[in-house]
Amino acid sequence: MKGLLTLAYKLLVNDRAKFVALLVGITFAVFLMVQMTSMFAGVLSRASSTVLNIGARVWVMDPAVNTVASSIPMPDYVADFVRSVDGVKYAVSLYSSGALVKLKDGAFQPVSVIGLDDTSLYGRPPMELGRIEDIYAENGFIVVHDSEFEKLGNPKIGTVFELNDHRAVIVGIAGASSSGLFGIPTLYTTYTRAQQYIPSTRFTDAYILVEPKSESDIPHIKAEVAKLGYLALTSEEFISRISTYYTYKTGLGMNILIMTAISFIVGLSISGQTFYTFIIENLEKFGALKAIGAKGRELVWMILFQATFVSLVGLGLGIGLCTCVIFLAKLRMPNYAASIVAGNLLLAFGMVIIIAAISSYIGVRRVLRIEPFDIFRG
Amino acid sequence: MPDVAIAARNLQKWFGEDAARTVAVRDVSFDVYLGEMLYIVGPSGSGKTTLLSMVSGILRPNEGQVAVEGTDLWSLTNDEIAEFRLRKIGFVFQDYHLFPRLTTAENVAIPLILRREPWDESVKKALTYLDVVGLKDRASLPPVKLSGGEQQRVAIARAMIGQPDILILDEPTASLDGDTGRNIVTFIKEQVLNAHRSIVIVTHDARIYEYAHRILNMEDGQLKGITQGQASAK
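So the protein lines, in turn, are chains A and B.
First residue of the first sequence: 144, per the numbering used here; consecutive thereafter.
First residue of the second sequence: 92, per the numbering used here; consecutive thereafter.
Please keep in mind that the hints were generated in silico from the structure rather than gathered at the bench.
These numbers were taken from a predicted model, which means no experiment stands behind them.
A couple of the hints might just be wrong.
Pairs of lysine-lysine residues, derived as PhoX-like cross-links and limited to a Cα-Cα distance of at most 20 Å, are as follows [stated by the list, open to error]:
#1 232(A) to 428(A)
#2 153(A) to 216(B)
#3 227(B) to 215(B)
#4 153(A) to 215(B)
#5 236(B) to 153(A)
#6 216(B) to 145(A)
#7 215(B) to 145(A)
#8 438(A) to 179(B)
#9 428(A) to 294(A)
#10 428(A) to 227(B)
#11 216(B) to 179(B)
#12 216(B) to 227(B)
#13 145(A) to 438(A)
#14 299(A) to 245(A)
#15 294(A) to 245(A)
#16 356(A) to 299(A)
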């Protein structure tokens, strides 16, 4: 079999023009598919950045909430109720809102403000510079060092700006595992200070962050919260809810899906057509092999090998090209939202396998139909 | 009486059905003997190629039997027939059907590769056969760089490398000039034919009739007669 596959390999690779055309087609298709889905994955990841960065196990929210940014404030008694539920180790309120800061140069910059529970600072970010306790200092704010950081003029500890006519001072710089979706910097302060600085609605608890005593307590907590008319989700469920919202309710997912499908069709068209031409041009040769003594299944193996080989090389090149483009794009635009995850790669692999299967199916049909007698007849 | 290599009995082949039926070969019987060079001749459309295809295990007859070295060829499965062709029969096609993307040596090695012999060993063995046909120095060239006569010799080397008992040649001189054609047939007769091998050639090139032991004359799908060739008379 190795000799047959070597023969198939040489027939494919030595036909440089066709081989390159096949590679270009599949590489281009894979590049587009991975690029599209990577952007989508990046968007979804960023849409859930607050959930990831805060790190709470269970989030309690209004049932109408679809994304972190679109929180619906809840009355104070919800937090009290949640604390009283069996299985809750502790529960704290989280403030989340948008605001405008006035920078030293007079420019205004929208920011996202997270107000942590004053007592526990539950959901605190990992510090890069300064101490988390300094958040209690007068006018203290901690800025997140993410891709939006420079929009605040690359602040340092001690940098002063205005927030709703209040003086605000940077007392620490925090890291973040994920940047936000909307391209605005994030500030942390205490819950109380956030309430004082930012004009608020009647209720101010955006979320209630819950630490259960054990994983087995979560279903009970969810059930009790539901009885009150609110929703309790684990962090994974909340991320999934956000993903579902962006995927199915914003048009973003559909557009990405359409672009991915178009990429697939383009790839299939180019490689399918080229592979079919390759088979047609070699049809007589396959017929000659049959006449000499090659069995039908051996020719099928040869064609499958050719289709699989060119598809996998194209897959590798496409992923490599996409990785390079994303890497270069992130060098120029640090907030570029694209990330290659296992799902992208699996999707691209699946699509490429389908391209290989369809291309080889067409080829196999033609090759199996050719009769050695046709070779004699000329 | 020499040993029979191929025994064809009452072969019939038609294409299409009912009103569209065209009979290509009608009730043809003949033997091919070991050590013999047999020609099948006749005008275009007389059924030569169809007959050749039936006796070489390529085209299933509608009626009749073909026994090759005692094996009833058409009682075998398709895979068994393919394996039989690979082991017992060597083909030289009219248009050679060499692979332009392979080297000359790789082209010659194909039957061994189909027999699952290792690639490198097969190509190495191909060099020996290219040496026999006088083309060892062209081993690394693609066939398109060779002349028509040289390509024909490559095709012969490919047919010979598996050491088949029967060699089938379809119009081997059709695209060659007179001298080259005669040289090729002389070469086949002197270098390829032996007491354990039979050669069947389909041709309508009268210039090479002199090399045949016997000649089958086909006309309108029927065997019009078998004549002794000049080689036999000599």
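Any hints from earlier that this structure breaks? Give me their numbers in increasing order, please.
1, 9, 10 and 16
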